[in-house]
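Visitor: Listed below are the residues making up each chain.
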Amino acid sequence: MVLILLAILIAALAALGCAPPAVPRRIVHAGIAASRIALAALAVACLAGAGGTAVLALPVGPPGAALHLAGDPLAACFLLLLAATAPLAARPLALAAAAAAVLAGDGFSLAAGVLLLGGGVPDRSRIFAAACVIAALALAGPPGDFAAIRAAPPEGVRAAGVLVLTLAAATALIRSDGVVAVYLLARVLLDLCGPAQPAWWGAPLALLGAAVALAGAWRACLAGTLHAVAAAAPLHLAGMAVIGLGLALFARAVDQPAVAAQALDAAWLAVVGHALCRALLLLCADAAEAGAGTRRLDRLGGLIHRMPATAACWLAGLFTVAALPPGLGFAAFWQVFQSLLAAARTGGFLTQMLVAGVALALALAVGLSGLAAVRLFGVGFLGRPRTPRTAAADEAPRRYRIAAGGLAGVAALLGLAPALALAPSAGWTASAAHPWLALRAGADVTGYLPIALAGLLAAIAVVVLRALRPASEQRGEATWNGGFAPPPPWLPFGDPATQFGPASFVAPLSRLRAHLPRRRTVRRRLVAWRARLRRLAAAVALP
Amino acid sequence: MTILAALIAQLVHIALTIAAAPTLVGLLRWGEARLAGRAGPPVLQPWHDLARLVRKRAGRVEAASIVTGVALPARLAALGVAASLVPSFTLGMAFSPAADLLMIAGLLAIARAATAVAAMDAGAASGGMAASRVMLLACAAEPALLLVMLVLGLQAGSLNVDLIAAMQAENGGDWRAGAVTALAAVLLVVPVDTMRHDGLVLDLAGPDLAVAGFADALRVLLWCNLVGALFLPFGMAASGASPAAWFAGGACWLVRTLVMAAALVALHTLVGRIPHARAAAMLGVAALLGLLAAAFLFAETRTA
Chain A
10 MVLILLAILI
20 AALAALGCAP
30 PAVPRRIVHA
40 GIAASRIALA
50 ALAVACLAGA
60 GGTAVLALPV
70 GPPGAALHLA
80 GDPLAACFLL
90 LLAATAPLAA
100 RPLALAAAAA
110 AVLAGDGFSL
120 AAGVLLLGGG
130 VPDRSRIFAA
140 ACVIAALALA
150 GPPGDFAAIR
160 AAPPEGVRAA
170 GVLVLTLAAA
180 TALIRSDGVV
190 AVYLLARVLL
200 DLCGPAQPAW
210 WGAPLALLGA
220 AVALAGAWRA
230 CLAGTLHAVA
240 AAAPLHLAGM
250 AVIGLGLALF
260 ARAVDQPAVA
270 AQALDAAWLA
280 VVGHALCRAL
290 LLLCADAAEA
300 GAGTRRLDRL
310 GGLIHRMPAT
320 AACWLAGLFT
330 VAALPPGLGF
340 AAFWQVFQSL
350 LAAARTGGFL
360 TQMLVAGVAL
370 ALALAVGLSG
380 LAAVRLFGVG
390 FLGRPRTPRT
400 AAADEAPRRY
410 RIAAGGLAGV
420 AALLGLAPAL
430 ALAPSAGWTA
440 SAAHPWLALR
450 AGADVTGYLP
460 IALAGLLAAI
470 AVVVLRALRP
480 ASEQRGEATW
490 NGGFAPPPPW
500 LPFGDPATQF
510 GPASFVAPLS
520 RLRAHLPRRR
530 TVRRRLVAWR
540 ARLRRLAAAV
550 ALP
Chain B
257 MTILAALIAQ
267 LVHIALTIAA
277 APTLVGLLRW
287 GEARLAGRAG
297 PPVLQPWHDL
307 ARLVRKRAGR
317 VEAASIVTGV
327 ALPARLAALG
337 VAASLVPSFT
347 LGMAFSPAAD
357 LLMIAGLLAI
367 ARAATAVAAM
377 DAGAASGGMA
387 ASRVMLLACA
397 AEPALLLVML
407 VLGLQAGSLN
417 VDLIAAMQAE
427 NGGDWRAGAV
437 TALAAVLLVV
447 PVDTMRHDGL
457 VLDLAGPDLA
467 VAGFADALRV
477 LLWCNLVGAL
487 FLPFGMAASG
497 ASPAAWFAGG
507 ACWLVRTLVM
517 AAALVALHTL
527 VGRIPHARAA
537 AMLGVAALLG
547 LLAAAFLFAE
557 TRTA
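Protein sequences appear in the order of chains A and B. Using my numbering, you'd call the opening residue of the first sequence number 10 and step up by one each time. Using my numbering, you'd call the opening residue of the second sequence number 257 and step up by one each time.
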């Protein structure tokens with residue numbers, strides 16, 4: 010029953026996406042909002058057991074391979090997450106495709122969902138990912154319902170091929186659709202390929218996760234616009250989720266179900282953090298651009314005076330992304346690190362060195378994301394405005410503020426009570442119930458207590474604030490501009506060039522980038538060869 | 257009764273920390289001046305400075321927002337919580353179940369981010385430059401710290417500072433290559449993390465400067481306590497020990513802190529200010545040492 014309703018909902022969303030432009034945008038927006046709520050409600054119903062493990066075969070699709078929908082706990086969890094964190098201005102077709110990909114019960118539906126994730130004409134990475142998914146599932150077992158693959162999971166070389174193809178698909182997807190990429194890995198490698206895979210399967214996943222985390226944090230540090238930072242910064246949480254899945258695969262192979270459950274918990278916390286932060290930061294980036302008229306960091310500055318609510322939402326998102334306690338990002342980081350420790354306890358020397366390497370990359374990624382967060386907030390929202398347009402920025406419309414404030418509130422709540430985030434995933438992570446106030450690792454009686462930490466922090470901060478004099482007695486002084494000549498009258502906020510800019514903030518990293526090997530594209534090689542030939546021709550032509 | 261004892265121990269520890277932090281800074285300044293051949297300020301001078309700054313009228317630059325007013329107390333709160341969690345003279349204090357090592361590192365990161373954000377709030381070039389340096393050095397310090405945590409967590413079976421300290425005290429003289437290398441990595445991180453960046457406080461005055469100064473002092477003491485608890489917890493009263501054992505623990509803590517203060521003074525006198533490029537290189541070496549410590553530990557557990 011729930012699955013039939015879900016199928017109808019997805020069809021309605023797809024129809025809404027194909028609606029002619031004459032339909033007023035208000036109706037489309039209302040339709041999207043209503044279907045998001047309905048999707049979330051149906052996902053909760055699935056989680057509560059109303060959907061069971063039944064599979065619904067739809068009367069559409071290629072001959073002999075009808076499309077299937079399945080509402081097991083894994084699918085329901087990710088559906089809930091997608092419905093809760095879909096962008097405000099989502100395309101209906103994109104939402105329908107994401108829901109279809111997550112609920113897919115066979116290879117074709119999964120590939121179709123992945124192909125249409127953008128909600129429009131599929132781009133190159135999504136076509137590649139969909140092709141990889143089809144190839145992986147064709148290699149895994151007979152077409153049709155996933156039950157056939159589960160009954161006879163692939164082994165040996167065939168299984169390794171499935172692993173490689175799924176990793177390729179996830180790598181192509183993770184930048185644009187991190188949640189679906191993580192879901193794809195969990196579905197194909199943990200669910201369909203069965204529990205009887207070798208322990209080395211964890212290694213490529215852990216390495217991929219570490220690489221994604223590092224690349225995302227690095228890009229967030231060097232990005233020049235609000236949107237680029239907002240899209241890249243949460244990637245290290247997606248990388249943590251992939252590391253968690255790899256550790257779960259490893260722990261299952263060496264028969265440590267408790268460690269596997271812990272690693273799956275870590276992966277789920279990280280993917281929830283990734284989805285929430287990405288949605289929140291992109292929304293805030295839209296709001297700030299609408300208010301300040303630009304998305305370039307080097308033209309912003311001092312926005313906190315003009316848009317305090319947007320700045321507060323940015324701060325909440327960046328706090329989570331930078332993995333600072335007691336935020337959700339730190340809870341995920343803590344859980345991933347505990348899983349790494351557990352894996353190092355059970356594995357051999359090579360596994361242990363791999364764990365140490367992954368920990369090193371993860372630490373670097375967390376440090377870099379802290380740098381990116383401070384850079385964005387400090388340059389964009391603090392200090393003095395860098396352009397007159399920024400000095401006259403307007404606060405975001407109320408619609409944005411409510412949506413962003415809601416997401417920020419949810420992120421803060423889940424950071425304080427990670428057990429709340431872990432409650433829906435108990436069906437597929439098979440982890441024991443968590444105490445409400447703490448995250449614990451294994452039989453260890455101590456752990457991470459976010460609420461106690463928040464209480465202590467707030468108590469000390471309040472005492473210090475009380476002890477200081479109220480702000481009303483303060484006097485304001487002009488900013489010392491580092492010994493430059495006083496600004497001319499047409500620069501009322503001082504010379505913006507005397508401030509530290511976004512590029513100079515990460516200048517050492519840019520210099521480091523100049524030393525890194527550049528990615529050689531085919532075009533760049535052609536250009537280089539042409540230049541060489543020209544020089545050769547010039548040398549020959551000269552007497 | 258034990259709960260009451262744990263609570264009393266916690267309160268005594270907090271009072272000791274508050275009393276010792278500015279005094280330790282005064283001691284460091286006095287020692288450096290003596291080694292440089294000057295008479296040096298009185299040891300209690302930081303207390304007088306703090307009192308004078310708190311009495312002054314607050315002044316902030318025009319561009320500053322509410323962030324300065326919130327970030328500085330938040331930094332002090334983060335460092336205060338971290339300092340109250342790291343044991344000094346006894347184990348088993350009331351907050352000890354929450355004393356997670358990863359969380360303490362997170363609190364240090366909060367403090368760093370808050371000071372960087374407060375410095376950028378004034379909108380001057382010097383603040384931004386100092387903030388950038390602090391955050392870049394933090395990026396380089398993070399891998400070394402996390403690898404050391406990995407080593408200690410694997411040895412003790414937990415990341416709780418109390419359990420790690422108890423494990424190290426139990427091992428006593430049985431120092432393995434892994435623990436020594438990890439200690440070397442931490443000792444490379446400490447001078448970089450406690451480095452003074454003048455640009456951070458250039459635009460602060462009055463009570464704001466007092467809060468920043470007290471937090472700086474707390475950070476030095478926190479690092480001393482952390483190194484002491486993780487690597488040299490000798491003489492620390494065990495969890496549930498009688499208050500009589502606290503005095504012995506307190507004396508050991510005093511000796512330990514004085515030795516570390518002497519080492520810091522010697523370092524500052526011999527090396528002077530560490531240039532930023534060399535600081536980054538030191539942190540890179542620290543990360544490599546952390547990796548080496550992990551390798552040693554894994555090899556030891558193989559052969560054991």
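No lab work stands behind these hints: they were computed from the structure. Careful, some of the hints might be misleading.
Stated by the list, open to error - Where chain B lies over chain A, by a calculated footprint (3+ residues, C-beta under 8 angstroms):
{"no.": "1", "segment": "173-181"}
{"no.": "2", "segment": "234-248"}
{"no.": "3", "segment": "339-352"}
{"no.": "4", "segment": "455-466"}
{"no.": "5", "segment": "513-521"}
Said to hold, decoys possible - Quick partial rundown of chain A residues pointing at chain B, CB under 8 angstroms, derived from the structure:
{"no.": "6", "residue": "L25"}
{"no.": "7", "residue": "C27"}
{"no.": "8", "residue": "A28"}
{"no.": "9", "residue": "P29"}
{"no.": "10", "residue": "P334"}
{"no.": "11", "residue": "F358"}
{"no.": "12", "residue": "Q361"}
{"no.": "13", "residue": "A365"}
{"no.": "14", "residue": "L377"}
{"no.": "15", "residue": "F386"}
{"no.": "16", "residue": "G387"}
{"no.": "17", "residue": "E486"}
Every residue, glycine too, gets a C-beta built ideally from N, C-alpha and C.
Visitor: Closer than 8 angstroms Cβ to Cβ for three or more residues is the test here. Does the segment 234-248 of chain A pass it with chain B?
Guide: violated (count 0)
Visitor: The hint names L25 (chain A) as touching chain B; please verify it with the least Cβ-Cβ distance against 8 angstroms.
Guide: Violated, about 42 angstroms.
Visitor: Identify whether the interface hint at E486 (chain A) stands, where standing means a beta carbon of chain B within less than 8 angstroms of its own.
Guide: OK, holds: E486 (chain A) within 8 angstroms of chain B, min 5 angstroms.
Visitor: Examine the segment 173-181 of chain A for residues whose CB is less than 8 angstroms from any CB of chain B, and state whether their number is three or more.
Guide: violated (count 0)
Visitor: When I compare C-beta atoms, does the segment 513-521 of chain A have three or more residues closer than 8 angstroms to chain B?
Guide: Three-residue rule met by the segment 513-521 of chain A, so holds; n is 6.
Visitor: Less than 8 angstroms between beta-carbons is the criterion; does C27 (chain A) satisfy it with respect to chain B?
Guide: Since chain B brings no Cβ nearer than about 46 angstroms to C27 (chain A), farther than 8 angstroms, the hint is violated.
Visitor: Does the nearest C-beta of chain B fall within a distance shorter than 8 angstroms of the C-beta of F386 (chain A)?
Guide: Since the shortest Cβ distance to chain B is 6 angstroms, the answer is holds.
Visitor: Interface hint check: A365 (chain A), Cβ to nearest Cβ on chain B, cutoff 8 angstroms. Holds or violated?
Guide: With Cβ-Cβ at 4 angstroms, under 8 angstroms, it holds.
Visitor: Quick check on the hint: P29 (chain A) CB to chain B CB, less than 8 angstroms?
Guide: Not OK, violated: P29 (chain A) not within 8 angstroms of chain B, min 48 angstroms.
Visitor: Is the listed coverage of the segment 455-466 of chain A by chain B valid when you require three or more residues with a beta carbon under 8 angstroms from a beta carbon of that chain?
Guide: Our answer is that it holds, as 8 residues pass the Cβ test (under 8 angstroms) against chain B, meeting three.
Visitor: Hold the hint about Q361 (chain A) up to the distance rule: shortest CB distance to chain B must be less than 8 angstroms.
Guide: 4 angstroms, holds
Visitor: Closer than 8 angstroms between Cβ atoms is the bar; does G387 (chain A) clear it against chain B? Give me holds or violated.
Guide: 3 angstroms, holds
Against the hints set out earlier in the document, violations occur for numbers 1, 2, 6, 7, 8 and 9.
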